[in-house]
Every structure is written in C-alpha cells, then in structure tokens.
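Colleague: Chain residues, written in single-letter form:
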Amino acid sequence: MKRWLGFYAVAFFAFLHLPLLTLAFFSFNSSRFTKWEHFSLDWYRAIIRDPQILEGTWNSVVIALWATVLSTVIGTLCAYGLCKRNSRTPTGALYLSLVTPEIVSGIALLALFQWAFRWLHWQLGLYTVVLAHVAFCIAYVVIVVSARLRTLSPALEEAAMDLGATPWQAFWYVTLPALAPGILAAALLALTVSFDDYVITSMVAGVDSETLPMVIYAMARRGASPVINAISALITVVFGVLILLSERARET
Amino acid sequence: MKLRTCFLLPAWLAMALLFAVPFVIVLAYSFLTRGVYGGMVPPWTTESYRRLFDALYLAILGRSFAMALAATALCLLLAFPAALFISRAARHRNLYLQLVMLPFWTSFLVRTYAWIFLLRDTGLFNTILLSLGIIHSPLPLLYNDGAVLLGLVYGYLPFMVLPIYATLERLDPALAEAAADLGARPLTTVWHIVVPLSRPGIVAGSVLVFIPCLGAYLTPALLGGGRTVMVGNLVQNQFTTARGWPFGAAVSIALMALVTLVLVVFLRRESEPLA
Amino acid sequence: MPPILELRKLVKHYPGQQAVREISLAIPRGSFFSLLGPSGCGKTTTLRLIAGFEQPTSGEVLLNGEIVNHRKPYERNVSTVFQNYALFPHLTARANVEFGLKRHRATDIDRRVREALELVGLTGKESRRPAQLSGGERQRVALARSLVLQPDVLLLDEPLAALDPKLRKQMRVELKAMQRHAGVTFLLVTHDQQEALSMSDGLAVMNEGRIEQVGSPEGVYLRPSTRFVASFLGAVNWISGAGIRPESVRLLAPGDDTPDRHVRGVVSGSVFLGDCVQVQVRLSGEVDAVAQLPRGAALFQPGDAVQFTWSAADEITFL
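Sequences listed follow chains A, B and C, in order.
Per the working numbering, the very first residue in the first sequence carries number 1; after that it's consecutive.
Per the working numbering, the very first residue in the second sequence carries number 1; after that it's consecutive.
Per the working numbering, the very first residue in the third sequence carries number 1; after that it's consecutive.
No false leads were mixed into what you were given.
Heads up, simulated SDA-like pairs for lysine to any residue below, C-alpha to C-alpha not over 20 Å straight-line:
hint: 1; chain 1: A; residue 1: LYS2; chain 2: B; residue 2: LEU77
hint: 2; chain 1: A; residue 1: LYS35; chain 2: B; residue 2: LEU141
hint: 3; chain 1: C; residue 1: LYS102; chain 2: A; residue 2: LEU176
hint: 4; chain 1: A; residue 1: LYS2; chain 2: B; residue 2: ALA184
hint: 5; chain 1: C; residue 1: LYS125; chain 2: C; residue 2: THR92
hint: 6; chain 1: A; residue 1: LYS35; chain 2: B; residue 2: LEU132
hint: 7; chain 1: B; residue 1: LYS2; chain 2: C; residue 2: GLN55
hint: 8; chain 1: C; residue 1: LYS9; chain 2: C; residue 2: GLU60
hint: 9; chain 1: C; residue 1: LYS72; chain 2: A; residue 2: GLN169
hint: 10; chain 1: A; residue 1: LYS2; chain 2: B; residue 2: VAL190
hint: 11; chain 1: A; residue 1: LYS35; chain 2: B; residue 2: ASP121
hint: 12; chain 1: B; residue 1: LYS2; chain 2: A; residue 2: THR166
hint: 13; chain 1: A; residue 1: LYS2; chain 2: B; residue 2: LEU187
hint: 14; chain 1: A; residue 1: LYS35; chain 2: B; residue 2: HIS136
hint: 15; chain 1: C; residue 1: LYS72; chain 2: A; residue 2: TYR173
hint: 16; chain 1: C; residue 1: LYS72; chain 2: B; residue 2: LEU3
hint: 17; chain 1: A; residue 1: LYS2; chain 2: B; residue 2: ARG185
hint: 18; chain 1: C; residue 1: LYS102; chain 2: A; residue 2: PRO177
hint: 19; chain 1: A; residue 1: LYS2; chain 2: B; residue 2: HIS92
hint: 20; chain 1: A; residue 1: LYS35; chain 2: B; residue 2: ILE128
hint: 21; chain 1: C; residue 1: LYS169; chain 2: C; residue 2: HIS181
hint: 22; chain 1: C; residue 1: LYS72; chain 2: A; residue 2: ALA155
hint: 23; chain 1: C; residue 1: LYS102; chain 2: A; residue 2: TYR173
No lab work stands behind these hints, which were simulated from the structure alone.
In isolation and in its complexed conformation, chain A is listed as follows (with noise of 0.2 Å):
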C-alpha cells in the first residue's frame, strides 16, 4: 500500500503542477500551435510592444499596492483589536465576506457605487477598484494576523507595560515587530489576491482601468494563444519570487 500511495502521490503532483509547466515551456515556442518548433523569446517581445498588456499591468500593480498597503493597515489593527475579545459579530462579518461568491460582491459593490453617483457625480475607475479589493483582502489579512497573534503570549504585552510602556507603546514596540513576518505574509497574500482578481474587478472597473486579468480574460475568451502563455509564466515567477522572499524574511 505504501509503494502504491508514492506512485498515486507522483500522479498527483503531475496533475497539480504540469499543466502550468507544459504552459510555460510553450511560451518558447516559435510555432503559435502546440507542436514544438523551436526556442523563440518572440512571444516576450510581443508582451513589450502591446499597449494594452502594459497599461493594464500597471493598473493592476498600482491597484494591488494601493490595495494591500490600505488592508494590511486596516486588517493589522483589526485582527489586534480582535483578539482576547469575545464578541463574535466583527469575526462573523469577515467570515462572511469571505465565502460570499465573489460574482455577489461584484454586483454588490457595483450597485453601490452606482447608488453613490448619483449623488456625487464620479466615475468608476482605479479608486472604485482599490475600494472594492480593500473590502475583499481585510478578512485574508485578519486571518493570517490573527494566527500569528496567537502565537504571542499574552504577558508579552502586560511586560511591557509593567517595564512602563504605555499601551500604544506596548503595541508599537513589541507587539508590531513581534507580528512582522505574519504581517509580511498577509500583506503578500493581500497583494496577490489582489493582483489576480478578475471577477470583482471586471464589474467595478472603469473604462480607464482595464487591469491585467482583465486583459488575459478577454484574449483567453478569444481563444488560446502563445502570448498569454508568455505573461502565465512570467506572473508565475514573479509571483514565485515573492512568495520564496517572504519564507524567507520570516525565517530571520
């Protein structure tokens, strides 16, 4: 049973990850079709010279910064403000954030956005956008803060201020850097979730801020094509980067 549970777990593997792997390796493909050709960066070049791959990219990383500073800020203070705490409500409210179909939000946030205008006279646009991935990447932040919250004692704080720090500075001083590496992971979390997010985004974008998933949506409604495969393989290793940063960052 052993040999077979390796074998199954080799299969496993292969279903998980080769889809991705095969992905990427035809990013090198001279050819448009699945058939290798020959090793080619044109599929790259093609990414540099297309207005729209680029503008959205830099929508959807100035959305995802703008998104992640202000929710990790938010989330941080929220899941500290939580803890020790009995009230289950805020806790309940975030959970439910959480499993509500993102299609709902989507329409949810759009209907209120559309409410708003009419009395004040914007648009949507990057803020409605930031606004939205705010609202959904609080409760990822809350999460992953809180556990590491448990994992501090609670006479840590009460040694501070018998030392004489005063609550703010009990926070400041040990409680924040004591969280920083689980502060580091949520507001990774907070940035790629908000870097990927299609879904909400597409109903509460204006017309001037096409993000990238947005982008590689409409060309994969389209139909497969090389290019997309290309800006796959590179989010993947960017995202991969960051991701081997913060493990990282939190071993130190």
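Starting from the known structure of chain A, arrange chains B and C on it as the hints suggest.
Modeller: Showing chains B and C alone in chain A's frame:
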C-alpha cells in the same frame, strides 16, 4: 481597552461601507422594479423571487448544486490519498505541503487558462492524440460540463488537501499500528480508523471547496464557453443587461442564503462532539 | 517608614468566583517574601493586582505607603518576572533589558544594562535572541530586565516552574543571592513549599483566596496555625488530634522504655528513599502512619510490632 476599540474602527467602517451597505442595496433592489429611465423604483414586489421558481432557473440552480457537489466529491477522492501520503512521508513533508500550496499562490486565472491551452482543439491533448494516430479529428474536450468540472477540481484541490492533512498529522500513529496489530489490513485500517478520525478535516475541506464552487463564475465562463451556465453566470448576465438588475439581485440573495445555509449546517455538524 | 508593600482588605471577584477574599498583608522593605499555596488559591491573582494587570473589586494596594489602585501597570514601580518569562522574541537579550529603561527615558543606559547583565551572569550573551538562549538563561534575562529598573518590589510568578529540577535547586540559591545583592524586595508566588521555605525571609500561606498564616519559614513549618497549613507544608500524621511530622517519629521495639509519647503498631511496609527510609506503620485503631527514619536506624520488617514514639515538643496542636 480603549486602544483596541480604536483599532477596530477602520475595519468596522470598511466592512460596513463595502460589505453591509452594498448587501442592503442588493436586498432592496431584489424587491424593486427597473424604471423606464434607469434606476430601481417601486412598486415593491416579490416578482423577482417568484421568477426563481421558473423551470429554466431552477434547472440552473440545480446544475450549479450538482456541479459543486461533484467537484467536492472528486476533490475529496483525489485529495485524501495525497494528504495521507504527505502525513506518512518520513522526510520532505514541508516540501510536499509547499508543492500543494504553490498553485494557490499562483494566479487562479492563469490556472484556469492552462486548461484552455491543454483542452482546445489544437491543444496539447488533441495534438498528441492526433499525432499518435489514436484519433483522426480533434475531440471536443473544451467548452462542456466536463471541462468546467475539471477546472473547478483543479482550482480548489489545495483547499481540500490542507485541512485533511492537518487532522491526519495530529492523528496518533500508534492508532494505525494498533489496528494493524489487531489484524487489520492497511486498507481496512484506513477505512475504519483513519477516515472516521479525520472527519473534521474532511468536513472543513468539503465546505471550503463546495462554497466557492457553488458561486463560481470565472471557471464556467472560461471553460464552459457560454453553454454551461451556473448561478454565477446567471447573476453576471442579469447585471450586464439593463432590465435584469432586480432579478440578478434576487438570484444573488438566494445564492447567499444557500451558502450561509450550507455553512451553518456543516459547521453545526462539525461542532458535534466526536464519539 | 511604611512597609514597602501593603495590601488592605484586598478583594477580587470574577463572575461566579471569588479569587481573592479580603487579604491584608504588609511586606517589609528589602525582604524576600513568598505567597505559597495550591493552584487556584488566588496567589497569582494577588500578584496581578499588585502589578496592576487587574483591578481589585475592593480594598487597597499601597506602595511605599501610597495607594496605587488607580495607577496603570506602567505607572507603578513594581516589575514582574513572568512564569514563561514573556521575553520579547524579536529583541536581543540586551534590547530586552534596555526596553524598560528606554520607556522611562533613563540616562546611563549602557552602564546600567551592563551591570544588570553582570548581576545575573549573562555577560557575553547580550546579542542573542530569546530563542537562542537556554531556559535558565532566559530566566536570567527576565530577571535582569526587571531588576535594571530598580523596582520597589520585584514580583516573581512561579519563576522556577519552567526549569528542570536540577537547575531549579541551583537557581534557588542564586535568586536568594541576587536579592541580597540587589537589595530589592522580592515577592515570590509559588506552589512549591520547599522553594518557599528555602528562599524566603517571610511567607504567607494562601488557601481559597484567603491568607491562612503569615510568618517565618520555621514558624510556619513548626507552628502551623491551621490543619491546612500543616498539611500543605509537609506530610503529617494525625494522631488523636495532634499532628506529628514523619521526621519527628522514632520507632522502638515493643519492650523498650521511653519517656516520650507512644502508640503501639505493626510495621506494614517500608520504602527506601536514598537519604532516608520511610516506614509505614499501622497503629492500633486501624490508623496508618508514616515514620521517616535515617538510613542507619534500626530497621524493622513488615509484621514487626513496634512502638511509634515522638516527643511532646514536636507535636503540632491548634489552640
């Protein structure tokens, strides 16, 4: 303490403004009618909810439910042995876990697109089968229920592995040894000892997979090619056509109710004390 | 001069529980004082009331004769060594010790930190983080971190509980030496009677939220004022209302003459403990008693008839 309360304020504000208020608006819209000049106007009506019971929409709801159920079952079937393997691995456990987590960190959109690339008429599978002479014209692998199911399973598989692994890891290895010692063959041990004891993980994993599958939008939109419509696509359709907002809102509320129901039922069952 | 720390009718209620019931206590300046009691007796709550982590339901905490009830933990000149030390994991040993000084905007931080680390014997390990220190070393950091602030009272919450038994005995001696050297008043909370007896100048025995007895270690051990105190501090044989500690007992052959009090009995078993022997004796009236004898003493076999004797002066009686 005061400081902690202050710290909760931004989150409260954000959740109220970006979650509670939109939800209330959607709830209101679901009881309104679309006006001639746009905007939702009275009369208040339950018309949208009654439309949910049209055979057409009931079928979509039913299909979504069946899809999510099938995806959950498949994930469970695939994930359990993998979790068992990792929990019993003598070395490299962390590496295996990270290999499971890795797709979770890469883009969901990219992972879904990978299957378009593999399954399309000129995709990898058809190309290989054609060049081996097994088939003579490409198989219609993409744009059907099967492709959507595959996409869902592939997308949410890690959510099933991790909770099951977490319970298996806490399991005392002496239990399996005791079963073997009492004469149980390995499969018997797994079925009668390991599976029942990992129930909390199985339940948690199933909820984590079932809920996003039920409300899935991206996977059916990309891999179903517009033919397979799940609830998520129905909502999106209604909101992109001008007259559909009230009905789209009603479908959203129904979907939320379903999700909450599943969550409550499962969580209550899970919190039952284990025998 | 007022006592350095005084508790007046201190009461702490929790929902459905009375943790501390009217404790009054005065602790002399510069002494090593212990609160001894079983777990759940309210001793840790008392400590937290003194440190300011909890607010008393009623009663007063006085430091240097001044009521400090309303003061926050960071406004009281007391410092706590926590049970698991609560060292800041992201800071080095030195930075942990500096922490309090910086909050108090102290001058001459370098010298004071160096002296504190010297006092606890940690010189050379200043730049290690808590995770890189052994259990004993962590405790030394925790001590240095508090002592460097020269608190009026140093509160120690089961400080030795996390150490292994051998290190624990060594640290008892060192703690006592540090206290003398630093001249700071120590208030130790423990459930280990040996710990309390061996280190303290004075101690209070607590039970169910009340103080049962206050006194010197000898006084409390030899002249306990309640049955609870007598039993908690060591084994006791209760024979017709009087308590006799096993080490006060001598066993004699049935025929021997003795001026002391004596009861007849039969040996039912014995246990060799290395430095002594414990002999179980069944006394007339079906009472089981224990005698602790030096290893060289005349030995009896199970079944031997003996006289169970003790001197009247060693009897524990309550008025």
